[in-house]
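In short: position in the sequence shown from 1, add 10, done, that's the numbering used here.
Worth flagging that the hints you see were computed from the coordinates, not collected in a lab. Any given hint could be a false lead.
Said to hold, decoys possible - Keeping only pairs whose Cα atoms sit at most 25 Å apart, straight-line, the calculated SDA-like set for lysine to any residue is:
#  : residue 1 : residue 2
1  : K155      : Q105
2  : K155      : A107
3  : K155      : G201
4  : K155      : E197
5  : K210      : S166
6  : K155      : D140
7  : K155      : M218
8  : K210      : L128
9  : K210      : E95
10 : K210      : D129
11 : K155      : Q220
12 : K155      : R113
13 : K210      : T96
14 : K155      : A194
15 : K210      : A233
16 : K210      : T167
17 : K155      : G228
18 : K155      : G108
19 : K210      : E99
20 : K210      : P136
21 : K210      : A126
22 : K210      : D140
23 : K210      : D122
24 : K155      : L223
25 : K155      : S166
26 : K155      : S224
27 : K210      : D135
28 : K155      : V199
29 : K210      : G138
30 : K210      : T124
31 : K210      : M117
Computed from a predicted model, the values in this text were never measured in an experiment.
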Amino acid sequence: MKLGRQSGGGPAAAPLRRVWRTAAAAAVLLWTVFVVFAAGACGDDGSESTSELSAASTNKVIAVGSTTTTTGAPIDDGSDTTAGETRREPVPVGQEAGVGDWRVRVMDVSTDATQAILDENMFNDPPGPDERYVLITLEATYVGKDVGTFWIDILSTFVGDEGDTFSLASVVPPAPMTDTSEVAGGEAVSGNVVFAVASKQIAGGTLMLQDLLSREGGRVFFAID
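Between the sequences and the hints, there should be enough to build the whole structure, so can you do that?
Dropping the structure here:
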């Protein structure tokens, strides 16, 4: 029998074409799904960016003397039964509360420490107009694993009565918390933090401590009086 060469349209080629058609169809389908998903994702990103910019535009940061004051959207005033979760129900002075890997309590507060701060260091500047230095003494016990350093692990902010926030003042207080060292579990440190606060916002203000790694989820409010 004489064997002839199969043409491209013969029986052996048909299954191969079907395979290629199936693969091509699958590729088109996957590409379509990718394009639709990508378009949706881009749309979401645009919305979030616009929202974030709109929210950010409501806040204004003002340099005041040696500290920073943030005005705009106030800290949440929502009511809550757990002390420390809102600034209107802060942890009382002398009472301990957990902040990240630390157990912290406010030991003492001076709401007019301006002269004490000026006397402490000749390079300390006076607070801005209509401001006073607020000096807060803290005690903190490390309860985490390995070791911790309080002033690195925890962010300190003063929240005024009107909801404005005041960062740590760039001055040297007596026994600064930044002088405390790294400690192991069960060990405690104590020291002072100081803020330049608008005089009219001191009464009713609170100290807000935040775990650096948790930020929004790790903040606790402490009373100052």
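Hint-by-hint comparison with the structure:
1. K155 / Q105: Holds, because 23 Å separates the two Cα atoms, which is no more than 25 Å.
2. K155 / A107: Answer holds: K155 to A107 is near 18 Å, not above 25 Å.
3. K155 / G201: Holds, at roughly 22 Å.
4. K155 / E197: 12 Å, holds
5. K210 / S166: 20 Å, holds
6. K155 / D140: 44 Å, violated
7. K155 / M218: The hint holds at about 24 Å.
8. K210 / L128: 21 Å, holds
9. K210 / E95: Holds: K210 and E95 sit about 24 Å apart, inside 25 Å.
10. K210 / D129: 24 Å, holds
11. K155 / Q220: 18 Å, holds
12. K155 / R113: Holds, at about 13 Å.
13. K210 / T96: Holds, because 20 Å separates the two Cα atoms, which is no more than 25 Å.
14. K155 / A194: 8 Å, holds
15. K210 / A233: Judged against 25 Å, a Cα distance of about 16 Å means the pair holds.
16. K210 / T167: 17 Å, holds
17. K155 / G228: 17 Å, holds
18. K155 / G108: Since the Cα atoms of K155 and G108 sit roughly 15 Å apart, the hinted pair holds (cutoff 25 Å).
19. K210 / E99: 20 Å, holds
20. K210 / P136: Holds - the C-alpha atoms of P136 and K210 are around 17 Å apart, at most 25 Å.
21. K210 / A126: 20 Å, holds
22. K210 / D140: 8 Å, holds
23. K210 / D122: Holds, at roughly 12 Å.
24. K155 / L223: 15 Å, holds
25. K155 / S166: Status holds; Cα separation ~22 Å.
26. K155 / S224: 16 Å, holds
27. K210 / D135: With a Cα-Cα distance of about 20 Å, the restraint between K210 and D135 holds, given a limit of 25 Å.
28. K155 / V199: 16 Å, holds
29. K210 / G138: 13 Å, holds
30. K210 / T124: 15 Å, holds
31. K210 / M117: 23 Å, holds
In this structure, only the earlier hint numbered 6 is contradicted, and the remaining ones agree with it.
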